[in-house]
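Engineer: Listed here are the chains, written in short residue letters.
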Amino acid sequence: DAGITQSPRHKVTETGTPVTLRCHQTENHRYMYWYRQDPGHGLRLIHYSYGVKDTDKGEVSDGYSVSRSKTEDFLLTLESATSSQTSVYFCAISTSGQGVQPQHFGDGTRLSIL
Amino acid sequence: GENVEQHPSTLSVQEGDSAVIKCTYSDSASNYFPWYKQELGKRPQLIIDIRSNVGEKKDQRIAVTLNKTAKHFSLHITETQPEDSAVYFCAASGDEKLTFGTGTRLTIIP
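Chains W and X, in that order, give the protein sequences. Per the numbering used here, the first sequence runs over residues 85 to 198. Per the numbering used here, the second sequence runs over residues 6 to 115.
One thing to keep in mind: the hints can contain errors.
Only part of the chain W face toward chain X is listed, based on derived beta-carbon distances under 10 Å [stated by the list, open to error]:
1) Tyr115
2) Tyr117
3) Gly126
4) Pro186
5) Ile197
Where chain X lies over chain W, by a calculated footprint (3+ residues, C-beta under 8 Å) [as the list claims (entries may be wrong)]:
6) 133 to 146
7) 159 to 168
To be clear, the hints were calculated from the coordinates, so they are not data collected in a lab. Idealized CB from N, CA, C, for every residue including glycine.
One chain only, chain X, in its complex shape (with noise of 0.2 Å):
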């Protein structure tokens, strides 16, 4: 089955400065890589995802990008500010499950 492996587990960076979360997967099947984002004791929420199609997708101060060759697949948060603060977690899906990665749980400091 899918393995999909999510790094770092925690990540600190200065407000306004930029976050990079990256994911490995290894079947070579999978064509969907959301990103959900959790915050604490709430439910996590989509907030973009990727088709095997597609190599980079843009939504505001967020971006994914993916390499399919090398099978990973990385978010992007540029200008980052205190609300981003969070835990991130990546999935890949070939079919109508997915598999999670493990999280990362970032903080920006003001």
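Okay, chain W solo, but in the shape it has when bound (with noise of 0.2 Å):
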């Protein structure tokens, strides 16, 4: 266990509405990342961060945005909900260190856009 809490662990929400992603840290870890899961695509990245208020954007980052105002907290935002965008999201932490550095994921939220 990586230290990585994420919440909620599920929602059901409607297009068109908006909708926060948490991912809470309490290991101090400089990068944390925004994943979606679909079948057959493996695990995509969204967002990333490596720092308080740096951020940059991954493979598939239309639609969504981030926020990390603290070391801890990692937000992942769809700012209008599609049907598209429903899937499983993951975050996950790099662990300490120069270079390319292990990644250990949170448990998941499973989201459903209706």
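The two chains are supplied separately, each in an independent frame; assemble them into the complex guided by the hints.
Structural biologist: Okay, here's the thing in structure tokens:
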């Protein structure tokens, strides 16, 4: 367990509503990531953060925004949810150190957009 | 950007036999290659990783090999057990981001 908590764990909402998912870490790691997981696509990076207020886009960032105002929290927002954003969302953190380090995942959020 | 292909998408092996999953990557700058195991409804868990300065790494029944020239790497599981049944993902990275393969569903037949 890498000290990662995702909330909520499950959410059902309607098309057009805003949705915010939260990732909280307890170990002060610099890097945090948001992925979505869909059948046949594996895990795809949405956005990531390399420090407070420092974020960058991943390969599937359209329709998503993120914020990191504190080291421990990384928020993913769907401004106006669409059915194509129904997915399982995983947060990950990268353990500290120079260069590429292993990523460890939270338990995921299952999001259904009706 | 990086592209990772993973084969096969499904694999069934008899308990006790070996399983091999293969991945290829496109970016020659990639230097870190982790493997994750994901059980149904659970989070992906790192099971082994290898860096480009090493050709092979073992951890009990699992091993990973890397061929930088051909840009491919493989996961080997020996003496498979029922608890090895899961989806396995490879990934590649040359910076702080990982690019994942699409996964292999491994089923161990008792």
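Engineer: Are the hints correct? Go through all of them and say.
Structural biologist: Taking the hints in turn, this is what the structure says about them:
no. : hint       : verdict
1   : Tyr115     : holds (6 Å)
2   : Tyr117     : holds (8 Å)
3   : Gly126     : holds (4 Å)
4   : Pro186     : holds (5 Å)
5   : Ile197     : violated (20 Å)
6   : 133 to 146 : holds (count 3)
7   : 159 to 168 : violated (count 0)
Violation of the numbered hints given earlier is confined to hints 5 and 7; the remaining hints are satisfied by the structure.
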